[in-house]
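Put together the whole structure using the sequences plus the hints.
Heads up: the sequence shown runs through residues 1 to 309, numbered per the numbering used here.
It cannot be assumed that every hint is accurate.
[Unchecked claim] Listed next, with one range per pair, are the computed distances between beta-carbon atoms: (1) L271 with S212: 35 to 45 Å; (2) R184 with L57: 40 to 50 Å; (3) G78 with P58: 17 to 27 Å; (4) V21 with V270: 18 to 28 Å; (5) G157 with A122: 12 to 22 Å.
To be clear, the hints were calculated from the coordinates, so they are not data collected in a lab. The beta-carbon is built from N, C-alpha and C at its ideal position, and this holds for glycine as well.
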Amino acid sequence: MSREPGPRSRAGALRASPGLVLGLFGVSWSAVLIRLATVETPVAVLWRILFSLVLVLPLALREASRRALGSLPARAWGALALSGGCLAAHLLLWFAAVGKTSVASATVLVAVTPVFVALLSAVWLREPATTREWGGIGLAVIGSAIVGWRDIGAGPGALRGDLLALLAAVAAALYFVLGRRLRRRLGLWSYVAPVYVVAALISLAAARASGSPLTGFRPAAWGWLAAMAAGPMLLGHTSFNWALEHVRAYVVSLVMLLEPVTATLLAVLVLGPGERPPPVAAAGAVAILGGVAVVLRSRTRSRSTEART
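In structure tokens form, the structure reads like this:
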């Protein structure tokens, strides 16, 4: 039997609203800022993480955070390192995708992350997908095929960008599954700081391997790199994490599904009308986001049922 939302849940939603709006605004600038910075992918990822660390480390070095990290077993430290590797892989793949395909295609394809979370949970965490979830996964796959088919006409570079965006979604799914376990033992900043450090080291290695200069950019590029940390990473993700204290993760995830819409609007306004998706791509995007919404809703219902039994 379903229940109507009570006063407490409505009050939580009202309190979370500013965080949800700020979070969506922050993450929606990510693809646009990547384009504006015009810096090589691994270098841009490195500086985005380093600028974020400057603000995160003071919070993580508080006494409580040091105690939490000091009591972790070696296995948990290994999981933290793996989580940082997944974050670095996600950002490196995502930045590269935005450079090769349209903002609309890149953002909508990386939005299938919850679908990969469901698949990984079925295999790794022994949480089998329901019939409804498989239906949502199928719908998202069909939408991805439509977007990819449309991008074939844009050349092989666009199709490679689509593939990179899907791989970025896989890396993000691994990052979230690992984070779900680690956050049970660690606070937000205790978890984020070591993960960012590992991601920065991997990004530094990738930047060195690419032979790209790490400095010497024009002043505007430094500003865009700093904005990547302040907007998408800190304002965006921190606001969403704050909102999780007041509303269910399902609500936050659904709000995040609006990112492809708002990111595409910003891209058209800032980068030009060439970023406007054609009707076929828009239809594929609707199928993808609809499938992801079905998966999210189904997983929320199944967890609620488990909690009541």
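Hints violated by the structure (listed by number, smallest first): Per hint list: 1, 2 and 5 violated.
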